[in-house]
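Participant: Position chain F against the provided structure of chain W, taking the given hints into account.
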Amino acid sequence: MTGPSAQPAEGNILEARKVTKQFGGLVANREVDFDIPRRGIVSLIGPNGAGKTTFFNQLTGMFAPTSGRILLDGESIVGLPPHTIVELGIGRTFQNIRLFGDMSVIGNVMVGHHVRMKAPWWASLLRLPAVRREEEATRQRAKELLELVELPRRYEEDSARNLPYGDQRRLEIARALASEPKLLLLDEPTAGMNPGETARTTKLIGHLRDALGISILLIEHDMKVVMGISERITVLDYGEKLAEGTPEEIRTNPAVIEAYLGKQKTSA
Amino acid sequence: MRNVMRRAVITGLIGGVVFIYLSLVGLVEAFDERSVITGLLGLGRLVLMIVAIVVGYRAAVPIRGERGVLVPLGPARALGAGVLAGAIAGAMLGALLLVMISVNLQVMLTSASGRLITVLSTSTEPVVSALILIGGAALFAGLGAGLNLLPGAVRRPVVVAALAVLLISMLEPILRVMFVQLEAQVPLAPFGELAGFLYSGGGLTPVATVVLLVLVPATVVGWANQRRLVGVFTGPRRPEVEGIEEEPPARRRPATAARAERPSARRLVVYALLGVGLLLAPQILGVRLSEVIGTVGLFVLLGLGLNIVVGYAGLLDLGYVAFFAVGAYVTAILTSVASPAFAPQLSFWASIPFVMLAAALIGLMIGAPVLRLRGDYLAIVTLGFGEIARILFLSDWLSPWLGGAQGILQIPAPEPVGRDPQSLYYPIILFCVIAALAAWSFANSRVGRAWNAMREDEEVAEATGINTTNYKLLAFATGAAFGCIGGAFFAVKIGSVFPHSFDIEVSINALALIILGGIGSIPGVIVGALVLVGLPELLREFAEYRLLIYGAVLVTMMLVRPEGLIPNRQRQAELHEEEDVDDQYESDAGEDTGEPVITTGGAA
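Chains as they are written, first to last, in my numbering: chain W, 1159 to 1426; chain F, 28 to 631.
Bound conformation, chain W alone:
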């Protein structure tokens, strides 16, 4: 499941060049070059405060880079608002789960599909037949996605907040998938999970790529997950790219071991 069995990559879905982000005097990212191959699973790792989430947030338009280029499918997405970037095909989850807690589980997924729905506001007002059909189709699609991420049927109408932790993570993935992304960004998808849940989520991530043909970028701390699933790994340290390569190359890279894995070895 976890093997790099993807088809030969046809170019990159995302290319970032010399992305720099400064917050006042603090340089959170310095001239980061980063590629995500089509249908690839790549990971971004690094110690806490290395600038991983900052980089992530620039991809999703939460804020614009101070300088540098980000191309999605060859088109620049720098400076576009987040909802436009979602429309162009980047979906994301959050490090600390951020569901619409009081909305139903299925409602959360349906919000995710919002960007692919076409009914203008006046058609919604008049409840035209086309609007109702679209609504029904969305509900159907949401159910399929819940099935895909293996959320039990009986949860559909529950408040999202009442789901068990692991299921909330999966629901967030379903919500992101509902926007039909070409590229899915997962911010620590296994954080806080027990080993069983982690294994299940890892398997799910591989399955999603194979089933939907999307590209996936992970931020992850769990080395087992990262090493097991990624085709390429990029290591950030102090906002700069420290290393890049296959899991095997990263595992044996002395700089990485010193900056990151080495610490773990001594502490373990």
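Rather than coming from a laboratory, the hints here were simulated on the basis of the structure.
All figures in this text were calculated on a predicted structure; none of them were measured in a lab.
Please note: incorrect hints may appear among the correct ones.
Here are some, though not all, of the chain W residues that point toward chain F, as calculated from beta-carbon distances under 7 Å [claimed, not checked]:
#1 V1236
#2 H1241
#3 V1244
#4 Q1253
#5 V1273
#6 M1275
#7 K1276
#8 W1279
#9 S1282
#10 L1283
#11 P1287
Glycine residues also receive a C-beta, built at the ideal position from the N, C-alpha and C atoms.
Facilitator: Only chain F this time, still in chain W's reference frame:
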């Protein structure tokens, strides 16, 4: 336990303060003019009884033991605590009575009059009267404590029945008029006899009271088995602690199922009856009540509009009156002969499209600058906008166009309806229905879902693909449209517009009614308008105490049932968020499923 004693004493002291306060502001004596049960009970004394019952009830509520678990008191201690609290409260009132009889307080406190003494006295001997007050308060507090001991299934019908009887008694002037009108129009039906049976001399007859007290619980129990409405009266937060430290039941509240429900046959019948009722209402209710319903209708329009902005989109707008004012002024300028500068003298109906256009513009104008603001900041800025609007309408600068403080007079009535309340009622209700349908359609579409998401977490909504800028503007524009239509009807209803009609009270009223009714809930808006706008109009004799009662009702509601009378389910979940975690309350089984019922019938 000492805790229980202490609480009983404190509750009793608070009750005593409430007693004395109500007496000295003159509420007790003024209310006692109105009889509830003819010859037996006036409203003033009833208020005192209700306070005593609440005191007893509060004193007997289960206490929080170790580890935060609720522990019921047991019958003896509960009753004891209730009686003690009541006796303390009664003693304070008795002391007041004795002081009033011996010293003339009226010099300082104008309401401490002979009339008040008569209301409080039951005997010629002051000391006996005072003792009777103590005993009476203790008795009713004991009843309140007893109420606490009853299981919910028994308590609810009792409370509902008592409230229903009170309501029927209070609505005497209206119902009596209605019965007379009905009798004139439907000669065979025994409405006259019914009126004679129910009422005499301004209150219920004792016999009718007994009959109602039996009939209402029977109906309520039957009804409650199918519907969840009973919770409206008793609140969902009653701790139902039967066993003491049992495991909290795994609790999962189904969230909003925005499911397009197929209207069942029964539903259709209900709607049809509702429709017929609304059509016939003015004829049955007569001029004065039609007028009242017209006013309620205006506030329903305002409430529905503000509900979209605040309830759906989560944008706290305290300057909503600006939309109301713009609607009224646009109508005035376009239709009135007396419009100072520009007077095209359109008909009311021809002016409506322009009102809508103006609404959309003003909605965008107010919405655009505040797009980045949230919560408190947004509230303050919109508050400012509301005041700016009023001051602009009042200003000398704009008076060549808007008439300044003189306003604009001679606004023609809409043809062919006229200004007669019994016919102006129809267009108002028509627009209310349209607005309610529009709000409902929005709420149950991708638009409503987007608003919902935005209200819960704006940043995530944006990151999920919702253009929050557009949806905020849409909310403002829709809210403005409803408010402006309300303003247009206000203008033609009164026949003139003045700046001072558009002060902050309108915004506050609209906000209060949606909060009272249940924020985010369309039936809630209707009920809220009926209660906050309709009831005060009907109980004019209490006008002096209107704001006092208004405030008390709002405070009580926020404490006891913050989700409103007919809550939106998702809101309810939000407000009880912490309890889900902290408390081990079991909610009323009935509260958990289905949508709240529409109770527009309250109008009649």
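Participant: Each of the hints needs a verdict: does it hold here or not?
Facilitator: Each hint tested on the structure:
1. Below 7 Å, beta-carbon pairs count as interface contacts, and W/V1236 has none with chain F, the closest being about 17 Å; its hint is therefore violated.
2. A distance limit of 7 Å between C-beta atoms decides the matter here; for W/H1241 the minimum to chain F is near 5 Å, and the interface restraint holds.
3. Using the Cβ-Cβ criterion of 7 Å, the hint placing W/V1244 at the interface with chain F is satisfied: the shortest such distance is roughly 4 Å.
4. Among the interface hints, the one on W/Q1253 is violated; its C-beta lies about 12 Å from the nearest C-beta in chain F, farther than the 7 Å criterion.
5. Because the closest C-beta pair between W/V1273 and chain F is about 3 Å apart, less than 7 Å, the hint holds.
6. For W/M1275, the interface hint holds, the least distance from its beta-carbon to any beta-carbon of chain F being 5 Å, beneath 7 Å.
7. A hinted interface residue such as W/K1276 counts as satisfied when its beta carbon comes closer than 7 Å to some beta carbon of chain F; here the least separation is about 9 Å, so the hint is violated.
8. Hint status for W/W1279: holds, given a least beta-carbon distance of 5 Å to chain F, under 7 Å.
9. Among the interface hints, the one on W/S1282 holds; its C-beta lies about 4 Å from the nearest C-beta in chain F, closer than the 7 Å criterion.
10. Checking W/L1283 against chain F by beta carbon gives a least distance of about 5 Å; that is within 7 Å, so the hint holds.
11. The closest approach between the C-beta of W/P1287 and any C-beta of chain F is roughly 12 Å, which is over the 7 Å cut-off, so the hint fails.
Hints 1, 4, 7, 11 from the earlier list are contradicted by this structure; the remaining hints agree with it.
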